[in-house]
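Respectively, the protein sequence lines represent chains A and B.
Using UniProt numbering, the first residue of the first sequence is number 1, and each one after it goes up by one.
Using UniProt numbering, the first residue of the second sequence is number 1, and each one after it goes up by one.
Source of the hints: derived by calculation from the structure; they are not laboratory data.
Nothing here was measured: the structure is a model prediction, and the numbers come from that model.
Do not take every clue at face value.
[Claimed, not checked] Straight-line C-alpha distance at most 25 Å; calculated DMTMM-like pairs for lysine to aspartate or glutamate: (1) 508(A) to 552(B); (2) 327(B) to 465(A); (3) 490(A) to 554(A); (4) 468(B) to 425(A); (5) 517(A) to 577(B).
There are 2 protein chains.
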Amino acid sequence: MSNRTLKGGKLTSKKSSPALKIIPLGGLHEIGKNTCIFEFNDEIILLDAGLGFPNDEMHGVNIVLPDMTYLRENRHKIKGMIVTHGHEDHIGGLPYHLKQFDIPVIHGPRLAMALLKGKLEEAGVSDRTKLNSVSPRDMVRIGSSFMVEYIRNTHSIADSFTVAIHTPIGVVVHTGDFKVDHTPVDGEYFDFQRLAEHGEKGVLCLLSDSTNAEVPGHTPSEASVYPNLDRIFSQAPGRILVTTFASSVHRVQLILDLAQKQNRVVSVVGRSMLNVIAQARNLGYIKCPDSLFEPLHAANSLPPEKVLILTTGSQGEPLAALTRISKGEHRKLKIQEGDTVVFSANPIPGNTIAVVNTIDRLMMQGANVIYGRHQGIHVSGHGAQEDHKLMLALTRPKFFMPVHGEHRMLIQHGKMAQKMGIPAENIVITNNGDMVELTEDSISVVGQVPSGIELVDRSGIVHHEVLKERQQLAGDGVVTVAAAVSWEGKLLAQPEIHLRGVVASVEKSLLQQLVIKRIERTLSEQWTDFAKSLDGKKQPEVDWTGLQQKIEGDLERLTRRELQSRPLVVFLLQNPEEPQVKRVGRRRQRTAAQAAS
Amino acid sequence: MSNRTLKGGKLTSKKSSPALKIIPLGGLHEIGKNTCIFEFNDEIILLDAGLGFPNDEMHGVNIVLPDMTYLRENRHKIKGMIVTHGHEDHIGGLPYHLKQFDIPVIHGPRLAMALLKGKLEEAGVSDRTKLNSVSPRDMVRIGSSFMVEYIRNTHSIADSFTVAIHTPIGVVVHTGDFKVDHTPVDGEYFDFQRLAEHGEKGVLCLLSDSTNAEVPGHTPSEASVYPNLDRIFSQAPGRILVTTFASSVHRVQLILDLAQKQNRVVSVVGRSMLNVIAQARNLGYIKCPDSLFEPLHAANSLPPEKVLILTTGSQGEPLAALTRISKGEHRKLKIQEGDTVVFSANPIPGNTIAVVNTIDRLMMQGANVIYGRHQGIHVSGHGAQEDHKLMLALTRPKFFMPVHGEHRMLIQHGKMAQKMGIPAENIVITNNGDMVELTEDSISVVGQVPSGIELVDRSGIVHHEVLKERQQLAGDGVVTVAAAVSWEGKLLAQPEIHLRGVVASVEKSLLQQLVIKRIERTLSEQWTDFAKSLDGKKQPEVDWTGLQQKIEGDLERLTRRELQSRPLVVFLLQNPEEPQVKRVGRRRQRTAAQAAS
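Just chain A, same shape as in the assembly (with noise of 0.2 Å):
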């Protein structure tokens, strides 16, 4: 990395004046597992702690957390945490950290903090945090060197928010997500009073949400939806099937007011759009009457044109509803002709294949297919260019940081940042780990702590190694030999060779052979060696450790060779129990070991 401020400069530690420190810990080089810490004077706060998604290497893998050592080695100095609002890519982490380390007291929107209750008793950690629920304009102290200020933006979560972080040093203002939306559906509007109020008063540091930095104009407000879903769903003939983003509050009240407009129930499917829906509508963030909403086999006895289905699947995931559906396998949920699909997303860049095929599936089920970025039925929730702007000017800020953002987001913000008069080297491009230093005068980065990532499947943490040999498997398969071999090294039995994923580009039988072969070869090999160590002892030193590593190091090569692919090798030795009882103990340490390997 060159490129530490935009100007370029040098990283140096400046060992002035009382400094906070940033460390973003996710979010940045990425989009996903938003993840900062503010550290000042041995007190630590945590500002959101999101989960990531896998990317088509990660075999297996079912989320990707940031590496928390720094937090884990310093659990003492944390004071509490700020949640922005409820997304899962900022609250997520938290029942797998909370098995780590305890947070006194867990600050966010009334949303946020119902959908983590949720997950944390879900995980058996409830007990590890307070949660504390916050209104727009509270000011809650953490600590003795931080008082943060939540001040409503709009987004597409109900309930979310940007910060004001008071510190000693001045106020930093991180935004948290954000689009400006004039005519946000619940009519909480963007409190830019306040945001303004701190830009006259003077704001130290403004970390700013960098998702479409590329994207120029302004982000439409969600309300521009509206119109759009009602003419398609007006024109439907018979259901409506519609799928968005369980998390997307706003647009599943838009969606229920339709129906409700057009005189149809709503069956709603897949476990997180019911979760989100029950937890919003109890704390007031939709309204719709119980009466709109029927179970789905009571809808499905119902004239088709009075139903509307509310699902998840917007992502062509493969296990949520709509894919099974696109597949035939929902159980209680066929296609019929006459159905109108519409998908009320954007497919995120990685899914884009995944959607297509659930859209293609759809219509050759009979189903007609309403999606696309023409419809104008979806709109982001991050600001775009005269949004990040917007914010700049309003915040007027005298260092820049973006955040929540790939790399060339980050830069492209920085770039904005700059036109408007904040100078290059008062513009940080960070990534992950980094340990920013802010003092009233300087922005620097000044260190890193660890920063990588943690892979975590049904099971439990992927390692390194294990993803390592998953890809293998993946790519080649993997060749599995035993041999039991005797204290003589003599072969016990015929060696057993499988091949599991292999495409077998010769004959398994002379592959078989060429195996034997090898292995008898360096049996006798090695026993020639272990002879010359007798050293008047009876019975040679069998190093069967390295015996065991030395045969599997040979059929790899041999397979390479002969299948021209690079499975994965297993080789399985088996010996007796050695003869002389006083042994035993030793052959027992040595299979142990095997065992782990």
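Using the hints provided, position chain B relative to the given structure of chain A.
Frame of chain A; chain B shown alone:
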């Protein structure tokens, strides 16, 4: 599939007048591996034979081919082949197919034939066919039923054709891949005159490229890229690295023209780019002086503002030059301050993440990267909706069959044709393997031929079971257990257990104990059973194969329960030579059977 004709009518075989069979083997409900059969009176011609690329679930697979069973079984009917242009998804399958059957003659454009020749020679199958280069308006006779006329069209590769296939029942026009480019870079204009003439005389059926059937408007001319690249290149302070598809001959020509205009030498990096440029220059499809080119080592000693590097890697392919450059892994080429990297290509869906990651890495290395749709530095090679309408208007076909596209694109294209006056019952939406019967007054799907896919990796065909195993291995790894068992049903040594790619959520020593206990229990149960079968004989009838399967199943259940995941389980059972000589033969049989498992 409910829609076969757009009207959704039942499939019926009409046995009246002579019929042309049209059998697409690839390219429908997908982008890639375009392959289509035309059959009349026991004579077959093949139109294009492309390859496809694997999706995320096709682990280790390099290329995807259509199932060629039908052609293999009807090889005696093959009279010849038509190639429309030289893209991989139209000719890339031939090196594989020609290992299975001969094709007497392949007719195609000069550039495509030159590229194909290289491929066939590399695969050692150039003796299995004869290549014949055609020119615009050439008419070639194939067998006694077909006359094929080559009609110049415009596309992203030079020397591309639409074909009019004259058959005993009428003229069938296959567009090949096309856009409507009125200002083609090479001055080779779309031959609308011939198309219009066919439209006037009567086209029985049109098969037309549907790639951009979802895109409104016209596709811009290739020439529209020129001024934007000109501006970007002229503003570059140092070296320029440009990447595009190697096969985009016109784009390459534009880039070379601009290099010459702006006094930069060109270094070409990447095997496919070098190959296409060499072939295209050789045939005059790319025109530039030899002096324009400099090898990389010579270019490296020139002032950076005098150098343009043309490289592969526009899709973020893992092994392509630009990808390795972005990772700092290219031996001869490192990014330096002042470099401008230009992506003159859009990511194909599925490649987006690889491409943006490459962009980010290049930026982190200090390059200024120019990318994105708003730059006007890439245009598609396929026509959009208005271009499709022009094609339909010029040819005025009686029957219509949209091809070359995913399902929703075919449907969109069909709907357009319907709006332009073609009756719904004259439009067929087909799938790979459908046998379409076309007569002078009807079109319908009358049957299916085998239409699956063949997956190929570097060592050969990846069969379905191998892929399934790879998917399981990728997701959850493999547990391998070996046990040597005596003819008395006793363990000869302590069983070995190895985990690879498995998240060990329990202690391995505990798992090993459980495995041993489980094996011992089964052995004891089984030998009790075997003993019952003794029936006066000294030695029990041991079913080793059944035993191996039984224990493998036991261990599968055990590991799933203990590890809470679903790794593949391989159990290798070994037993020493049978004590009685007379059964050695039988034992060997078993071993061979096991080895083949």
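Evaluation of the provided hints:
Restraint check for residue 508(A) and residue 552(B): the C-alpha separation of about 21 Å stays at or below 25 Å, so the hint holds. Using a Cα cut-off of 25 Å, the hinted pair residue 327(B) and residue 465(A) holds, with the two alpha carbons roughly 21 Å apart. A hinted pair counts as satisfied when its Cα atoms are at most 25 Å apart, and residue 490(A) with residue 554(A) qualifies at roughly 18 Å. Between residue 468(B) and residue 425(A) the CA atoms are separated by roughly 54 Å; this puts the pair beyond 25 Å, and the hint is violated.
For the proposed pair residue 517(A) and residue 577(B), the alpha carbon gap of about 18 Å is at most 25 Å, so the pair holds.
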